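Quick mapping for you: the protein sequence lines, in order, are chains A and B. Sequential numbering of the first sequence, starting at 4, is according to our numbering. Sequential numbering of the second sequence, starting at 123, is according to our numbering.
The hints are simulated quantities; they were obtained by calculation from the structure and are not laboratory data. Do not rely on the hints blindly, as some may be mistaken.
Below, simulated DSS-like cross-link-like pairs (lysine-lysine); rule was C-alpha separation at most 27 Å, straight line [unchecked claim]:
{"id": "1", "chain 1": "B", "residue 1": "Lys300", "chain 2": "B", "residue 2": "Lys235"}
{"id": "2", "chain 1": "B", "residue 1": "Lys157", "chain 2": "A", "residue 2": "Lys42"}
{"id": "3", "chain 1": "B", "residue 1": "Lys235", "chain 2": "B", "residue 2": "Lys284"}
{"id": "4", "chain 1": "B", "residue 1": "Lys236", "chain 2": "A", "residue 2": "Lys42"}
{"id": "5", "chain 1": "B", "residue 1": "Lys153", "chain 2": "B", "residue 2": "Lys235"}
{"id": "6", "chain 1": "B", "residue 1": "Lys157", "chain 2": "B", "residue 2": "Lys300"}
{"id": "7", "chain 1": "B", "residue 1": "Lys172", "chain 2": "A", "residue 2": "Lys69"}
{"id": "8", "chain 1": "A", "residue 1": "Lys55", "chain 2": "A", "residue 2": "Lys42"}
{"id": "9", "chain 1": "A", "residue 1": "Lys69", "chain 2": "A", "residue 2": "Lys55"}
{"id": "10", "chain 1": "B", "residue 1": "Lys133", "chain 2": "A", "residue 2": "Lys32"}
{"id": "11", "chain 1": "B", "residue 1": "Lys329", "chain 2": "B", "residue 2": "Lys236"}
{"id": "12", "chain 1": "A", "residue 1": "Lys14", "chain 2": "A", "residue 2": "Lys62"}
{"id": "13", "chain 1": "A", "residue 1": "Lys62", "chain 2": "B", "residue 2": "Lys329"}
{"id": "14", "chain 1": "B", "residue 1": "Lys235", "chain 2": "B", "residue 2": "Lys157"}
{"id": "15", "chain 1": "B", "residue 1": "Lys133", "chain 2": "B", "residue 2": "Lys157"}
{"id": "16", "chain 1": "B", "residue 1": "Lys133", "chain 2": "B", "residue 2": "Lys300"}
{"id": "17", "chain 1": "B", "residue 1": "Lys300", "chain 2": "B", "residue 2": "Lys236"}
{"id": "18", "chain 1": "A", "residue 1": "Lys32", "chain 2": "B", "residue 2": "Lys259"}
This structure is a prediction, so every number in the text was calculated from the model and none was measured.
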Amino acid sequence: MSQLSFSDAKKLTLDRLRQWLNSLPESEKYRPRKIIDFKSYSVNDMIVEVEKESETGKKIVFDEMKQLGYVVT
Amino acid sequence: MPTALFFRPNKDFAMQYASSWLSYGIPEATKRGYKVIDMINEATTIEQLKMVMSQEKIDVAFMAGHGNADVFTGYEQQIVFQTCTGDEVMSGIISHFLSCSVGQRLLPDIITKKGIYTVGYQVDFEFMVNTNYSIEKDPYAEPFRDLTLTIIKKILDGAKLKEVWDAGIAKCNEWIAKLWTRTETDWAEVIATLAHDRDGLIALGDKEAYITPPRKMAAGIPQLLLLGGVFYLLMTGRPAPSI
Chain A
4 MSQLSFSDAK KLTLDRLRQW LNSLPESEKY RPRKIIDFKS YSVNDMIVEV EKESETGKKI
64 VFDEMKQLGY VVT
Chain B
123 MPTALFFRPN KDFAMQYASS WLSYGIPEAT KRGYKVIDMI NEATTIEQLK MVMSQEKIDV
183 AFMAGHGNAD VFTGYEQQIV FQTCTGDEVM SGIISHFLSC SVGQRLLPDI ITKKGIYTVG
243 YQVDFEFMVN TNYSIEKDPY AEPFRDLTLT IIKKILDGAK LKEVWDAGIA KCNEWIAKLW
303 TRTETDWAEV IATLAHDRDG LIALGDKEAY ITPPRKMAAG IPQLLLLGGV FYLLMTGRPA
363 PSI
């Protein structure tokens with residue numbers, strides 16, 4: 004597995020989330036899409052969480068990197 | 123007759139999905155001859171749970187609720203039990219917890235308090251939704267409902283711990299394989315989320331224990347007609363006239 008710093012992982016995650024956001028019709032961007040810890044998040048909410056590096060935001064970054072096969076250091 | 127308890131708060135958006143998924147287990151339990159106790163929303167408190175358990179021996183429990191490593195909650199996120207406090211109510215019970223992270227400390231504690239076996243998640247349980255559809259018809263949520271129902275059915279069928287866990291893992295893998303060719307980002311997220319939940323599924327407790335599924339006493343209409351026909355043949359020596 005390749006290694007990535009948290010700040011690079013965060014940038015990569017934000018890129019991917021923004022790409023996802025742009026692929027959605029306007030009406031879908033702010034509607035719940037993913038349930039994390041039994042709380043609902045739209046794709047836009049997920050971007051906000053990652054940007055502010057909340058616990059959920061960090062979780063999203065780590066999940067995303069695991070999916071891509073990176074280890075965050 | 124063994125008793126199956128369904129515990130399903132449904133006040134908030136995400137919990138409505140969990141509650142709905144557990145509700146699919148109720149006809150599965152009755153179909154197999156279990157007595158069912160269904161605790162919904164306001165009833166999902168520790169007081170109500172203790173009251174039910176004082177009146178009825180529960181053999182198997184399917185529990186949905188918010189959770190973390192040490193806490194499992196019910197109605198309005200009131201604590202139902204936590205590690206070392208109150209979780210002894212699960213003693214003697216086979217259980218499945220649809221709740222986040224309880225597999226880290228709470229479920230192991232339930233096993234030390236003589237819970238028979240339990241299956242749950244040691245990670246935050248995640249799933250995807252598409253609110254253009256009703257909860258029942260949501261295609262993004264369907265694999266997660268299927269996973270939950272697979273675990274419920276397997277327990278009700280009298281499977282042992284590893285068989286239940288294996289069935290859960292296999293169901294995740296089956297959905298991942300089925301969705302693998304989908305190129306849309308939403309479906310890629312569904313796959314990643316299924317993999318996340320699969321990797322966090324944990325099974326603890328007695329490896330050899332299982333619940334004995336009750337025998338169905340009542341025959342269905344085709345079986346009754348067949349029995350009637352056999353009886354007629356024995357009594358008259360002629361086949362029964364067709365209806």
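Against the structure, the hints come out as follows:
no.	hint	in the structure
1	Lys300/B <-> Lys235/B	violated (40 Å)
2	Lys157/B <-> Lys42/A	violated (32 Å)
3	Lys235/B <-> Lys284/B	holds (20 Å)
4	Lys236/B <-> Lys42/A	violated (32 Å)
5	Lys153/B <-> Lys235/B	violated (31 Å)
6	Lys157/B <-> Lys300/B	violated (35 Å)
7	Lys172/B <-> Lys69/A	violated (41 Å)
8	Lys55/A <-> Lys42/A	holds (17 Å)
9	Lys69/A <-> Lys55/A	holds (20 Å)
10	Lys133/B <-> Lys32/A	holds (24 Å)
11	Lys329/B <-> Lys236/B	holds (13 Å)
12	Lys14/A <-> Lys62/A	holds (14 Å)
13	Lys62/A <-> Lys329/B	violated (32 Å)
14	Lys235/B <-> Lys157/B	holds (25 Å)
15	Lys133/B <-> Lys157/B	holds (25 Å)
16	Lys133/B <-> Lys300/B	violated (32 Å)
17	Lys300/B <-> Lys236/B	violated (39 Å)
18	Lys32/A <-> Lys259/B	holds (21 Å)
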